[in-house]
Each structure stands twice: as C-alpha cells, then as structure tokens.
Amino acid sequence: MGTTTMKDLYLPEAATAVAIRDLTQTEKLFTFKFDSGRELGHKPGQFAEISIPGIGEAPISISSAPGHNGGTFEMGIRRVGNLTTRLHALTEGAKVGIRGPFGTSFPVDGEMLGKDIVFVCGGIGLIPLRSAITYVLANRSKYGNVTVLSGTKTPADRLFTDELAQWEKRKDVELLETVDTADASWKKRTGVVTTLFQNITIDPANTVAVICGPPVMYKFVLLELRKYDLSGDNVYVSLERHMKCGIGKCGHCQINGLYACQDGPVFRYSEIENVREAI
Amino acid sequence: MQLVCDEKKLTPWVDAVIAGNRVIGIQAKGDKFDYAPLEKGADLRLDFDVSLTPPKKYFLLPEEPLLRFSGEKMESVIEKEPFVLFGVHPYDVVALRQLDKLFALHNPDVHFLSRREAAVVVAVDVETPSANVFAGCLGFSHVEGDCDILVTKLDGEYLVDVKTDKGKALTDLSSGFSKAGPEHLKKRDAKWKANEKALRRHELKPKKEEIGDLLEKAYDHPIWKEKARLCFSCGSCNLSCPTCYCFDVADELEWNLVNGTRVRRWDGCMLEPFALVAGDHNFRKSRDARYRHRYYRKGKYVPDKIGEFSCVGCGRCITVCVSHIANPVEVYNAIREA
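Protein chains in written order, with the numbering used here: chain A, 523 to 801; chain B, 1332 to 1669.
These are computed hints drawn from the structure, not numbers from a lab.
Treat the hints with care, as some may be off.
Cut-off 20 Å, straight-line C-alpha distance, at most; resulting in silico cross-link-like pairs (DMTMM-like, lysine to aspartate or glutamate) [as the list claims (entries may be wrong)]:
hint, chain 1, residue 1, chain 2, residue 2
1, B, Lys1528, B, Asp1378
2, B, Lys1411, A, Glu795
3, A, Lys529, B, Asp1378
4, B, Lys1404, A, Asp705
5, B, Lys1518, B, Glu1488
6, B, Lys1499, B, Asp1486
7, A, Lys675, A, Asp705
8, B, Lys1539, B, Glu1403
9, B, Lys1432, A, Asp530
10, B, Lys1636, A, Glu793
11, A, Lys617, B, Glu1403
12, A, Lys529, B, Glu1395
13, B, Lys1548, A, Asp684
14, B, Lys1404, A, Glu535
15, A, Lys529, B, Glu1448
16, B, Lys1616, A, Asp530
17, B, Lys1636, A, Glu799
18, B, Lys1548, A, Glu795
19, A, Lys529, B, Asp1431
20, B, Lys1636, A, Asp785
21, A, Lys529, B, Glu1475
22, B, Lys1404, A, Glu793
23, A, Lys617, B, Glu1583
24, A, Lys617, B, Asp1582
25, B, Lys1556, A, Glu799
26, B, Lys1539, B, Asp1635
27, B, Lys1556, B, Glu1583
28, B, Lys1404, A, Glu614
29, B, Lys1360, B, Glu1458
Label pairs and their computed distance ranges (CB to CB) [claimed, not checked]:
hint, chain 1, residue 1, chain 2, residue 2, range
30, B, Val1651, A, Thr527, 51 to 61 Å
31, B, Asp1611, A, Leu686, 52 to 62 Å
32, A, Glu696, B, Lys1538, 53 to 63 Å
33, B, Glu1540, A, Lys710, 35 to 45 Å
Listed below are several chain B residues computed to face chain A (Cβ distance under 7 Å; list not exhaustive) [stated by the list, open to error]:
hint, residue
34, Glu1395
35, Leu1397
36, Pro1439
37, Ser1445
38, Cys1577
39, Phe1578
40, His1612
Quick reminder that beta carbons are idealized off the backbone N, C-alpha and C, glycines included.
Using the sequences provided together with the hints, build the complete structure.
Here you go:
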C-alpha cells in the first residue's frame, strides 16, 4: 500500500468541551463534540485518546452510552497527572484533540443479551462501566436481572450520585453500594466491594459479570464469582494500562503478548486466565 | 539482475550515487563503525563488523516529529525525503523486514512507512564477523531479498545484485558494471555457506522455531531472576537492538507556549517506568519481570504476530550490556536445559 493516501493515525480530530461538571473533588465529567459533527461511534467499554497540544495525550475511557445526545460523548476524568490537571482547568467551549474510539467493548449486543448481568465497579471503574450500564438500562427488556455492585473508598468518592439515586429507585435494577470508610452521613454498607456478594444470588447458567476497578480488586472479585461456579467465559474485565499510541505499536500497554489497546481493554476472563501479567 | 564490477570501480560508483542522492553510509567511528551522511565513496567501509547503532534509526528515529501544532491546530509531519542507506548487513535487513511488517500490521504507521518507501537500501554481505554475532544460528547470515541491492565482495570483484527498480536507478549511474555469470553466483553461494558458520560466535542450541514453545514453559524459570539481579535497567539492550521499536510520545512546546511539536522517541521495556500508569501503579515493577518480557517479546510475542523469530542475532546487546547478562543465546539455551 502506498503511503501517499495513508491516514495519519496519530493526528487527533478537533473537538469542543460542550459541558463540564464536577463529579467529586478529583473527578469531572466532560461532554465533548467533534467540530466536524461526526459521531464518535463507540461501543461501551472502548476508550479514546484525548490531547491538549503542548501538554500531551492520554487514554480515557468513554463514559456515555452510544447514541448520547446529539452526537456528543462523555468522559469522566480524574485529576492525577499533567494532562488531566490541565483538562480540569478547562472551561466550556475549550478545544481538545480526540483520537478513537479504540479497543474492544463489552458484548452488550452479543453474549450479554438475555442474560442476568452483574456489574462490579470499584472506584472510578464505574466510569467505563456507566457506558454499559446506561446502554443496558436503555434497552432493559433485552436483558434478565441487572445488578450493580459499586464500592468507593469514602462517600465523597461516589461518582454519578444523581444516576445512582435513579438506579436505586428503579425496580428493574438492583444497586448495592458500599464504602471502605464511612462517615457520619453514610447510612449504607461499609466494607470492600466483595462484601456485597453476600447480598446477591447468581445463577451461573444465565449470568454475565462485568468488572472494572483498581488493579488489586480483580482477583478478589473473581474469587467471589468462582464461589457461584460462574464460568470464566461469562466474565468480562476491563483492564487498565497506559495505552500511549492506541494502535498497537508503542508497546506500553502490553499484557504479556496482548496489547490492551487492541486486544483489550475489555477481555473475556477465560481468554486471559493464563496470561500471567493480566490480573 | 546481477552485475559485477572490479573492486576498484566500486568507489567511483558510490561517488556517482553521492552526486545525485542523499546517502547515509557505514563509516569508521574511532575503532568502530556507524552510519553517517556519506561525503565521499572512499569513506564507505563495507568491511565493517557491525554498526554501533542499528539501521532502524533512519526509519524510526531516536526522536522524530509526529505532529506540529500552533495553538489548537495540529498537523501531521510526514517525512518523505529520498535517501540511500548504504551498507546494511543481512541480519539488519531481516530486522527492517520485520519492522515493515509490524508497522504495517492492522494500523499502518504512515510515519515509519513513508521513510521506508523513500529509502533505497543497499545491503552488503558480511566481510568481518563481529565479536558477538550469532545470526548464522538463526538463518539470518544472508538474505535473498528485502533490500534494493545486495553487494557481495568476491575475489577482487563485487557482485552487485539488483533487486528492485529503485536499485537499478543507482547501478545505472555507473558504466563500470558488467553482467555477472554463474561462476559469480557460485562464489557467492560459497560465501553464504562460509558466513553461516562464521557468524556463530555463540551457539544457539534450540532451533529458533522451538523457542516459542520453550518459553511457554519457562515463565517461572530461575534464569530471569538470576540474570536480572545484575540488571541496571539502563535499556542499552533495547536501544542497540535492531528490532526493538517501542516508543514514547511527548509534546515539546516552544518558548512562545503556542507552537510546538508532538514527538515520539525510543523507549525501552527494560526501563523502570515503562509500564507505569497514572496513580503510580507499575504493571512491570520488578527487574526480572522486565527482563523476562524482553526475551518473550523476541522469542514469542512478536513471532506470534508476524511469524518470524524476532532476534536477528546481531549480538549488539551482548556487546553493550555492562553487566554481561544480555546474551539471548545464554537465555534460550538455559530454558532448553530446564
């Protein structure tokens, strides 16, 4: 293939931050729209590379469901490094560069259809899972029972509190929340996210579990799921790595021989069970 | 098309190539050899043992611009300036072939591929085996293609095997060539056979095709810890490697804080922060995990992608490693004995 007509996959597309709101002290939710009017066209679980010229670029998961309002898409971003600190200083109308979407997605239109779904979210793991949860709830009749287990360090770290309140009210979704460390205001459970499993039942023949959280969380959640004899074929995990290029070249996101940016970030657990660097 | 010329005619031909082209050629650098812009044919040293730095540096530059920006406006920087890379050993030709596959795979990388398209690669069969070369064990001591011209020194003559139109454009610049005969090809075959033996300063016991399977069973082998104990995590093995291609991406801002360049630069999986993510979690924190990753990449991960063993046996890592732990032959031999 000649290179003359080849697209530069490193060149971001211009996008505008059409809305920015605080989620917590350290996380903000950005709503972006491509200046070209093109839709991002992502699937739940995918990510995009966001950049500010002069500061840099970073992979960020997409938090809205496909088909969000008027071609916009949302990204929940924690303030943790140079780029994200700068992003947090942006005001509405600011321009950024976006490349993507990249990577694999949760099989919301595949293996998850007709199944009971258990979402397990630790901390900002809720940000990518919100895309799938929102999609499932918007197409509620296509799935069986839907359970959301969500844990954060403290009540102040809870994300999307308005949506959590809505989910709590709905009769067709069971939301169970916990915090590691409670304060005086907290009336619900206290303990790590795995303690929520004692409150639910899982039918191993008809359930898909979807997990995203801090690296340490996965093995403990998988142990809980194993107690229900849930097969690894029915467990999907979204794994964090630093996907610098997003196109399977730079090598930073490798999990043994897999590239989180191309083969992931969403993996079926049975396919990475023996990949030693994965969990 | 196979041509021959008297050995005295080679330098005038190279001078003719220099007159009309940007030429990078292998030259002496102190008591070693490296690539540099070639000013005159007489400076070309086709008798070199190994170049200090691998030829990949002309296609994936140690640092290169990907984009230039002014405020929010960003545009691609695609380098297409033609050049001739003169004097590439067969094992490094194999390395370039592998990088071609990797940069074209799934998501073609226009920056790398444009540079490759703009280049004319003149390969040369090895005259002087380097101290640590083991390409002969891997079948990479000679190549039949994947270059534009292959030059082989025979008795008092050079066989100049023209593989492509780009190569022919260069040989057309000299009238000193005549058509090669079967006797020349016979001599070259003998040279290839001799080089297969000579380019074996270390003897790899497993076949390269077996190494992927051996690695499958060697994840917990003591060799990783044993060797990595002495690793400084300096990344010299990565930087000197002709097939390592990992890179970092960073923005360089000019003094006006408006204009700048997004660059990529060589990175290395042996460096401590290579797998670091936000919040200071390092997914490959220990030296032995990083050390192991490199040998898995050469022996399994990349071969699984492109169907070729991804260490070409140049021996540069063995030479540059200050702790003497980077010999792939020692590693792959050890996991065979486990």
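The hints, checked one at a time:
1. Proximity of Lys1528(B) to Asp1378(B) is assessed by CA-CA distance (about 18 Å); at most 20 Å being required, the pair is judged to hold.
2. Simply put, Lys1411(B) and Glu795(A) have alpha-carbon atoms about 44 Å apart, too far for the 20 Å limit, and the pair is violated.
3. For the hint pairing Lys529(A) with Asp1378(B), the CA-to-CA distance comes to about 41 Å; that exceeds 20 Å, so the pair is violated.
4. As the CA atoms of Lys1404(B) and Asp705(A) are separated by approximately 47 Å, the hinted pair breaks the 20 Å bound.
5. Distance restraint check for Lys1518(B) and Glu1488(B): the Cα-Cα separation of roughly 11 Å lies within the 20 Å cut-off, and the hinted pair is therefore satisfied.
6. Proposed proximity of Lys1499(B) and Asp1486(B) is contradicted: the alpha carbons are some 23 Å apart, above 20 Å.
7. A C-alpha spacing of about 11 Å is found between Lys675(A) and Asp705(A), which places the hinted pair at or below 20 Å, so the restraint holds.
8. For the hint linking Lys1539(B) to Glu1403(B), the alpha-carbon distance of about 49 Å lies beyond 20 Å, and the restraint is violated.
9. Among the hinted pairs, Lys1432(B) with Asp530(A) is consistent with the structure: their alpha-carbon atoms are about 17 Å apart, no more than 20 Å.
10. For the proposed pair Lys1636(B) and Glu793(A), the alpha carbon gap of about 17 Å is at most 20 Å, so the pair holds.
11. Distance hint between Lys617(A) and Glu1403(B) is fulfilled; the C-alpha atoms sit about 7 Å from each other, no more than 20 Å.
12. For the given pair, Lys529(A) sits about 18 Å from Glu1395(B) by alpha-carbon distance, which is consistent with the 20 Å threshold.
13. The suggested pairing of Lys1548(B) with Asp684(A) is violated, with an alpha-carbon distance near 51 Å, which exceeds 20 Å.
14. For the suggested pair Lys1404(B) and Glu535(A), the alpha carbons sit about 10 Å apart, so the restraint of at most 20 Å is met.
15. The hinted pair formed by Lys529(A) and Glu1448(B) meets the criterion: a straight-line CA distance of about 15 Å does not exceed 20 Å.
16. At most 20 Å may separate the alpha-carbon atoms for a hinted pair to count; Lys1616(B) and Asp530(A) exceed this at roughly 33 Å.
17. With a C-alpha separation of about 18 Å, the suggested pair Lys1636(B) and Glu799(A) falls inside the 20 Å cut-off, and the hint holds.
18. Simply put, Lys1548(B) and Glu795(A) have alpha-carbon atoms about 16 Å apart, close enough for the 20 Å limit, and the pair holds.
19. A C-alpha spacing of about 17 Å is found between Lys529(A) and Asp1431(B), which places the hinted pair at or below 20 Å, so the restraint holds.
20. For the proposed pair Lys1636(B) and Asp785(A), the alpha carbon gap of about 12 Å is at most 20 Å, so the pair holds.
21. At most 20 Å may separate the alpha-carbon atoms for a hinted pair to count; Lys529(A) and Glu1475(B) exceed this at roughly 32 Å.
22. Our distance criterion of 20 Å between C-alpha atoms is broken by Lys1404(B) and Glu793(A), whose separation comes to about 41 Å.
23. Taking the CA atoms of Lys617(A) and Glu1583(B), the gap is near 19 Å; set against the 20 Å cutoff, the hint holds.
24. Proposed proximity of Lys617(A) and Asp1582(B) is supported: the alpha carbons are some 17 Å apart, at most 20 Å.
25. Between Lys1556(B) and Glu799(A) the CA atoms are separated by roughly 16 Å; this keeps the pair inside 20 Å, and the hint holds.
26. The hinted pair formed by Lys1539(B) and Asp1635(B) meets the criterion: a straight-line CA distance of about 13 Å does not exceed 20 Å.
27. Distance hint between Lys1556(B) and Glu1583(B) is unfulfilled; the C-alpha atoms sit about 38 Å from each other, more than 20 Å.
28. Between Lys1404(B) and Glu614(A) the CA atoms are separated by roughly 18 Å; this keeps the pair inside 20 Å, and the hint holds.
29. For a cut-off of 20 Å, the pair hint linking Lys1360(B) to Glu1458(B) stands: about 18 Å separates their Cα positions.
30. At about 40 Å, the beta-carbon gap between Val1651(B) and Thr527(A) misses the expected band of 51 to 61 Å.
31. Checked against the given bound of 52 to 62 Å, the beta carbons of Asp1611(B) and Leu686(A), roughly 28 Å apart, lie outside it.
32. Range check, Glu696(A) to Lys1538(B): about 57 Å between beta-carbon atoms, so the 53 to 63 Å window is met.
33. The beta-carbon spacing between Glu1540(B) and Lys710(A), approximately 58 Å, falls outside the hinted interval of 35 to 45 Å.
34. The beta carbon of Glu1395(B) is not positioned within 7 Å of any beta carbon in chain A (closest approach about 11 Å), and the interface hint is therefore violated.
35. Contact between Leu1397(B) and chain A, as hinted, is supported at the beta carbon level, the nearest pair being about 5 Å apart and thus within 7 Å.
36. The beta carbon of Pro1439(B) comes within 6 Å of a beta carbon in chain A, closer than 7 Å, and the hint placing it at the interface holds.
37. Because the beta carbon of Ser1445(B) sits about 4 Å from the nearest beta carbon in chain A, less than 7 Å, this interface hint is met.
38. For Cys1577(B), the interface hint holds, since its Cβ comes within 7 Å of a Cβ in chain A; the closest pair sits about 3 Å apart.
39. With its C-beta approaching chain A no nearer than about 5 Å, Phe1578(B) sits inside the 7 Å limit, and its interface hint holds.
40. Interface restraint check: His1612(B) against chain A, minimum CB-CB distance 6 Å, threshold 7 Å, status holds.
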